[in-house]
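Those protein sequence lines, which keep their order, are chains A and B.
Residue numbering for the first sequence follows my numbering, starting at 9 and increasing by one per position.
Residue numbering for the second sequence follows my numbering, starting at 49 and increasing by one per position.
Fair warning: there could be bad hints in the mix.
Said to hold, decoys possible - Subject to a maximum C-alpha distance of 25 Å in a straight line, what follows is the list of computed PhoX-like cross-link-like pairs (lysine-lysine):
| hint | chain 1 | residue 1 | chain 2 | residue 2 |
| --- | --- | --- | --- | --- |
| 1 | A | LYS521 | A | LYS441 |
| 2 | A | LYS727 | A | LYS443 |
| 3 | A | LYS689 | A | LYS317 |
| 4 | A | LYS200 | A | LYS190 |
| 5 | A | LYS689 | B | LYS195 |
| 6 | B | LYS195 | A | LYS200 |
Rather than coming from a laboratory, the hints here were simulated on the basis of the structure.
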Amino acid sequence: MNANISRREFAAGLGGIVVAFTLAPKLSLSQQPAALPGSLNANRMLDAWIRIAADGSATVCTGKVELGQGAVTALAQIAAEELDLPLARLHMISGDTEQTPNEGFTSGSQSMENGGVALRLAGAEVRAILVDLAAKRLGVEAAGLKVVDGVIRAADGGQVTYGELARDADLHREATGKAKPKSPSAHTIVGKSIARFDIPAKVTGGAAYVQDLRLPGMLHGRVVRPPSYGAKLEAIDEAKIKAMPGVVAVVRDGNFLGLIAEREEQAIRASESLRQTAKWAAGRPLPDQASLYDHLLSLSDDPHVISEKQAALPDGAKVIEATYHKPYMCHASIGPSCAVAQFTEGKMTVWTHSQGVFPLRGNLVKALKLPAEKVHCIHTEGSGCYGHNGADDVALDAALLARGAPGGGPVRLQWMRGDEFGWEPFGPAMVMKAKAALGPDGRIVDWNYDVWSNTHSTRPDPRGNNLLASWYLAEPQQPAPPAALPQPAGGGDRNAVPLYDFPRQRVVNHFIKEMPLRVSALRTLGAYANVFAIESFLDELALAANADPVEFRLAHLKDPRARAVIEAVARKANWRPGEKGGYGKGRGIGFAKYKTLATYVAVIADVEVDSATGKVSVPRAWAAADSGLIINPDGLANQIEGGVIQSTSWTLHEEVKFDRNGIKSRDWLSYPILTMPEAPKVEVELINRPDERPLGAGEASQGPAAAAIANAFADATGKRMRELPLTAEKVKAVIQG
Amino acid sequence: MAVSFKVNGAMHSVPAEPDTPLLYVLRNDLALNGAKFGCGLAQCGACTVLVDGKPVRSCVTEIGSLGQSEVTTIEGLGTGAELHPLQQAFIDDQAAQCGYCINGMIMSAKALLDRISHPTETQVREGLSGNLCRCGTHGRIIRAVLKASQANGRI
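One chain only, chain B, in its complex shape (with noise of 0.2 Å):
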């Protein structure tokens, strides 16, 4: 069983079943570790990606399920060579401790800008609301989406 879809802009086909969830396609298939496991039950964040625009879960979203949808992940928003405003601003803020979290922070803030491209600090909170850090790194990470959402530039 083959199952194509398409990923940071290009095609993909990958010898897995449709109900396999994307995180494991991603990750084992695609070799992209951005989206990462944190709990396989859409409770804590750490597998976002953008489907559409739209984050979503990536551990209980199938593959079969994404049609001619586009996904989107922490490695289609920028590289080392070339950051996203809001990769520069995690780095610029040293906003992670462990970082296993950041990911699903960055995707879902990257959701959040285009939605409201100056948001408030309270809706920079509720929009990362359903992403868990453990490391005690909150008032960093709310600070960097505050930074890059002034930035210039593609956010």
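Looking at chain A on its own, in the form it has when it is part of the complex (with noise of 0.2 Å):
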């Protein structure tokens, strides 16, 4: 932990925590709840979760949204699981301010770690009233009942069923978090590939996005964003957009701009015409992105110890070091970010694809200077957002429009594909420095580890306003001050710490205040250049060491989860030990527990070269991952296989380019990604652990997956890549030189 966080950044960077800290204070300790498990400890009444009908249907609340992960889905499984209750009889609702608990952020792969335990636990509790008062309604102990489906069965044939009881179950009350839930031998729904619900109307164009949402008397929003940051709205010729055909207003708000048009492709005509005529003082030079690195470097830092353990040198020991650098990243979303807003009667109604509605409620508040009663936002699904991208900025645009549209709106508003590209929060730009020791014996006696990197989330904050136009208005907010997110879990820092078991070790966190380019959560946060950096250089000290790859991670790791996915993997893709790649083709390892107290995922890669073009490419991977108890096994797989081909694009292909100017990424063409050609052919391995606690795995593959791939160039070439991506140009400088 790092101790020069104070508590409350920590709880202000979790947005939704806060709750529970700013509520302790009035308490006095006789009063202090006990903490309840997950999510269920902020949100603590039964009801909040759980409510069952005289139909014997119950309505589950998450506050946990659908990212297209499948994570409502496996929600489902394990409240039913709980409820005994067929899936078909429960109804779910998903981030609404209105009606859910309020969970945070649906971030850093919790869903199933903080929002699985509370319905787990809360299921269990529900259960258990039902079954107490069945017990007292048949006259039986409520020891001999069984449910199935929602009908509560004694031995002597007597039976009530949960609709019966619903009206006389009082759920109003607070979690005791004592219910004991199922032991998973017992499990029918949980652990089985159950379909998530969300696919058939994705496959049919039925209304599955706020994209679709089509609602009566809607108008078409678009905005006109500056040319570079902070630039400031000179001049703007409004009665000659005003003039064009189908533009109902032009919204200003100091540097602000906007338009509502009736239809779609009116309001994107008009917004061109206006971007093009706006005037706009210069905004703020961006670093040059030939140096980006040294300038990093340059800014001053916070410097932390995050690990550290003392022991003696040998003699002889061998010193390697090498730097790793890794560039912006974009969330690049298919779909670009939208929401719909309606103004009626001083209340907002914002639908939104936005990880947190709560702490996105926070910040509209303060934008719109509105009491939080009456700002209420809706989750409905977007395009896959893997992090902080647009989406919670565009609530606020669509918001701003409708307040200036005819009625109130609503407004409908996509930005455009240079909207996201070129003002989405990119994930930061980080250095990685190590430095290790290998000792006559070939073992690693020493190991020194330094990152540098802004911080990784700039979510909606309550400490300031994070949502984009907040900062244009006529009177601007400020953001909140960039916090470093504390260990275990860390952000640049995430996954600094190796699993491995070196006798001697510092790890340093190098946290940079200044933000030349906006950044903010992008899936696995710094964990993904961390773990290609660590299990780089790993490869590095094992080459070194004459050792094989594998062997040489396992004979630094005692854990014996992680030995296992290792060892699966290596038997999964026929590892041979002392195999050596050449002629373009290679192989490597990476491996990884997510955070360090997550998913475990080891990955290896083949790789191919072509040392003529550069090109690289990457045929086949396999992966193995443990997570602990598996919920929903096909969507684990699903989520591990994403996240392998989706490194396998970062790590080959994407870098944000920008010059003094601004940001020059602004389409796919300036921006590519993986095509469906290149992409790798992955196996997955699972190892289902049922006495674990499930474990988040949404990003654990995509670290092992780049160091995989990187440690597979090297045993293909003879050469290091320690720059992402491995672009062609750079793999021929590298190959060349």
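Please assemble the complex out of the two chains, which come individually in their own frames, going by the hints.
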């Protein structure tokens, strides 16, 4: 734990948890409620989670939301399992500031760990309450009752349904957290590959996304962003724009600019015209991309030692050093961010694909200067986000337009492709320096690792306003001061502490406050870069020790679950110790336990390098994962496989381009991602641990995949790529250099 | 100004200029959600529909250029009650994460299977090379298209 981060900063950085801390001082010690597991702690009433209806169905509320990762289906499985109800009798409500618990953000692969645990305990307790009621009504002992599909049966044939008990079941009470959930061996729904609820609409053109929302009288908005960060609006020809077909209003508030039209194509045309004719004073210059990493190291940093182990250094140790770089990366959602907003009778309703409707509401309230009860945020799925993209920003944009629309809208606003690439908060650029020593026996005897990074979360935050448009209003609001996210999960230093058992180590997180480019949470936060660096370096050390990379890892690793995934993936890929690549073909391994406290993943990748063109391809990859108790095997495999492929895209292609005047990556040509012919074939092996708690997996395979690719590249070419991505240009320079 | 054209077998007249991209008319006038706005630049494939059986990017196809052509959207392939084998295969294989690209994947696959009824894996990959997926669902999408190509019945 980083002692220099105050408890308040810690809480604020995590948004939803704030409530638990701010309430605490009002209670005397004797009143202090017992801590409850997961999200139950901050949302303690049972009926906030589960309500039983007279027809025997259950409404299950979750503050976690569907992002295309299958979370809502998995959460429904957990609730149905504990309630002994079929999935078809569950009505799921997710992410609604007027209907669901506040679970902060759906992020950090924590939906199962926090949201799932809460539903598991709440479900078990609701079931126990219903069974107790049934026992009284039937005049039998509760212990002798059995529940099947919401019908409670006694041994003597008497029975009563959940529906019949619904009226008498008082669920408006605090959870005790004491009801015992089912033993995994009794599970009939959890652990099954239940088909996701959201997929049928997605393959038939059903209404699946906020982009598909079509309200009566809906108008279409577009925003016109400045040419660069912080540019000030000098003049627009409002009359000319207003005269364009369909334009209903031009909305300007300081340096925020947008418009509303009757039809979407009219809004697009008018906004293009407005973009071309608006006059802006120059904004803040960006650093020179060619010397980006030197620039980052030149900024003032706040170093903290996050792990230290002391031991004597043996004589004759061989010291090896390496520096690794990771560029700014985009979330690059296929669908640009979108929101629909309506302002009626002083109340703003926003349909949003934000990852956290409650924290978003907090910042909307500030920007709009409305009381909290006058802003209602309703989660409606969007295109996959992979972290903090434009989802929250577009919600404020849409609200500002709705407020400026005749009758208050509704206004639907979808960002254009260039808005998303140019203005989303990027995954931060990072520098990692590693230095280690090998003892005479070829084992690592000393490990030093330093990572430099900006914050990895500038999500909506009660300590300021983190919504883009709020900084451009006539009365501009200030963003929350950037904070390092605390260990053990960490931010830039996520996975900076290796799981390996080194006798002596020192890991330092150099937190850089100043942000040359706008940044925030991108899937895995710092873990992708740290695992890339640590696992690349481990292979460099294995090479120096003349050791096989798999054996070298196992020789430094005690954790049996870590060893098991490495051994499993080596078996699956038919890894042969001592086998060398060559002729442009190679094989590599990467491993990590995500956040050092979640899913274990090991990945092996095969790589082919065309030395003439510098093109790197990854035809095949294998992964083994242990995420404790598996809730939905197919969903888990989809996440692990998806992570490997997304990481292949990041690792081979992705880098935000910019010059002194602004962001140059504005479309899919200037920010290419992996195409269908390039996608590796991935085989996944899951290790189920029914007696271990379920662990987050959505971000677990990206770091290991990057390292496996980099290590396979080195195996294929004998050269080491220490700077991401492995583009043809860089590869040629390394091969020929 | 009104422009008429044929979508999923029925004529429609919409109050839009002839240079309006087909995508906005499908979504906003005909309430067809399938085709998605991804880039507006014909780079990502999320908006793919078929015009006379050929895959086109509806975000850059002007409605005035359609004439007597037949537009087919994913809604025209099948519905929840009667799924097209491609739609069924995508559900069976859970070949979606966020699913935003899936319309384009299925429509490009439909055009591919109309051309080559039993494609190889490489042909499927090439046939979908203009469609971007961000979640990493590539493997499942390829598998679903190959399965659909082996299914009996109409493709």
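Evaluated hints:
Restraint check: the Cα-Cα separation between LYS521 of chain A and LYS441 of chain A comes to about 19 Å, which is no more than 25 Å; the hinted pair holds. Taking the CA atoms of LYS727 of chain A and LYS443 of chain A, the gap is near 19 Å; set against the 25 Å cutoff, the hint holds. Between LYS689 of chain A and LYS317 of chain A the alpha-carbon distance is near 40 Å, which puts this suggested pair outside the 25 Å criterion. With a C-alpha separation of about 15 Å, the suggested pair LYS200 of chain A and LYS190 of chain A falls inside the 25 Å cut-off, and the hint holds.
As the CA atoms of LYS689 of chain A and LYS195 of chain B are separated by approximately 16 Å, the hinted pair is consistent with the 25 Å bound. Of the supplied pair hints, the one linking LYS195 of chain B and LYS200 of chain A holds, its CA atoms being roughly 23 Å apart against a limit of 25 Å.
Against the hints set out earlier in the document, a violation occurs for number 3 only.
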